[in-house]
Amino acid sequence: MDKLKQLVEACIFAAETPLTLDRLCSILEAPRGDVRSALEALHQDYADEQRGFYLAEIADGYQFRTPAELAPFLRKLKKERATKFSRAAMETLAIIAYRQPITRAEIEYLRGVDSGGVMKTLLDKNLLRLLGKKDVPGRPLMYGTSRHFLELFGLRSLNDLPTLKEFSALDPELTDAQPLPPDDHDDR
Amino acid sequence: MDKLKQLVEACIFAAETPLTLDRLCSILEAPRGDVRSALEALHQDYADEQRGFYLAEIADGYQFRTPAELAPFLRKLKKERATKFSRAAMETLAIIAYRQPITRAEIEYLRGVDSGGVMKTLLDKNLLRLLGKKDVPGRPLMYGTSRHFLELFGLRSLNDLPTLKEFSALDPELTDAQPLPPDDHDDR
Amino acid sequence: MSIEIRLENFSGPLDLLLHLIKSNEMDIYDIRIVEITEQYLNIIEQMKRLDLDIAGEFLLMAATLVHIKSRMLLPMSDEISDDEGEDPREELIKRLLEYQRYKEVSELFQQLPRLDRDVFTGYISAAELFPTEPDEDDILAAEVYQLASAFHRLLKDRPVEIFHEVVQETLSVSDYIERILDSLLHCRRKGLRDFFHQRSSRAELVVTFLAMLELVRMRMVNVEQVEPFSEVWLSLAVSEHELNTAQAQEALSDYG
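Residue numbers (the numbering used here), protein chains in the order written: chain Y, 1 to 188; chain B, 1 to 188; chain V, 1 to 256.
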């Protein structure tokens, strides 16, 4: 495989969007005719064999795509992909983990926003459990984290959660982020 | 090209992170042996030709990657700059990579300087993970490198780390990379 | 030693020491401690003269060097050599050797082909593959650090460390509920921070907070916020008239 073809293949592979002929020429600093022949040769290579992806021409550009008939497997791949927690979910989960047992009102107070939706998601994902009702008027439900929560985060027990003190020790700027400003903390 | 090989190729291509053999088997619902042969055949295909990318083994999984020598052209494709590491950050990362699980006090003993800020940066970049707490008084947090660390440096596993140069024996107890003299550095 | 040595070019005192040993062509196993100590102290001295901040670690190492030097100069009596027979430099040598290994390896790390700098990958996003399907049943990926970090960020902006405090009986939540309602009757909207006065005791802060939670729970007070992490505003959720209804009074009477 000649060098230019290799470069063209690598560029199309690594680019996030379809690459036009013009763009390829300017990146590779190669004459239009040569890049075009390299593209044609590549096209041929992929057409000759049943590969996992092919060189598609999209919106005047080139991109590797997977053939439509493989979609059912790729769907599984994407479904099984582990997603990251949203910021809201991570924040809510963190509050519950550190402050359990805790009621929804308390969580919402801390977060400053309605958290019903996020809490439902966390409950559906089996990360929370109910810890009974709080002994105050209205008897609100109290929440805590589940066993699955520990498994997901690879914790042996809740004691394995880093304490906030350890945490702020990592970041000198944050050491002021201590509790409330009560009378007794002027002694620094 | 047989069907399974085509599917394996498509999955590895479409995935965002390296795919392990286990995940490939579960997505494709195929026996381990078959998937493994397909992987080997693919590996061979890519090794035989100078292609724009090759099948790399990263973090116990498989991923297509471009060869490093094409970097000068490919960098032009990318807008965002790659993560940079200060010397202090790289030093800390190296120590953690080889000595994990390791506590902050141990790292600081080895480096001779406070390392909280650097460690926070590495944690924020998702290169470290917390490995629970050490079973010694004070239960300090233990740190190790993350999967993302392997991906970033293109390592198959921690066994792929470059070997440490052994220092010639001044004292036999020096050569085994066993737990450090952890806390005894405050008193001198 | 050359003037252009700058501490910030060294990642720590061990790094500086290694540099000195190397530029003096010494063997780590046999450091000429008098010479090295003198050079090290000179550098620290120069920095001081230039009025530069010297990190504590560099000063600590200076002290260590001086200590080793003095022990080397002491005549070794037979008595001492039983307990302290080992080379006073040994601990330092160990640390230098160990540090040197990681320093070398970290230089190697800098050169390893790095993702998105030297090597690149391609992938197809789910949105590209299946533009019409929203993804639902995702498996969650999580790390403890991200969890702790979320909570820490929250407390940093809004430090409320009080759920598990024991409230002293002398302060009644219902008093504070009334105070809050009272002040909200006078101004329609009040920032949360305004309720927590600098002079308040810790217990008062706790009770004020509990009173707020109760008011929110009873839906007598609205809590609003323009965007996450901005000021929280409290306002009355009920009219002045409703405040005096039997139901409200009953709810309030549970406290005190």
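Bear in mind the hints are in silico, worked out from the structure with no lab data behind them. There could be a bad hint or two in this list.
Derived list of chain B stretches under chain V, where covered just means 3 residues or more per stretch with a C-beta under 8 Å from a C-beta of chain V [said to hold, decoys possible]:
{"#": "1", "stretch": "11 to 17"}
{"#": "2", "stretch": "27 to 40"}
{"#": "3", "stretch": "100 to 107"}
To spell it out: a stretch of chain B is covered by chain Y in this simulated footprint if at least three of its residues, at any positions, have a beta carbon under 8 Å from a beta carbon of chain Y; those stretches are [what the hints assert, rightly or not]:
{"#": "4", "stretch": "47 to 57"}
{"#": "5", "stretch": "60 to 73"}
{"#": "6", "stretch": "116 to 126"}
Just so we're clear, the structure is a prediction, and the values are computed from it rather than from any experiment. Beta carbons: idealized from backbone N, C-alpha and C, even for Gly.
Structure versus earlier hints, numbers of those that do not hold, lowest first = Violated hints: 2 and 3; rest satisfied.
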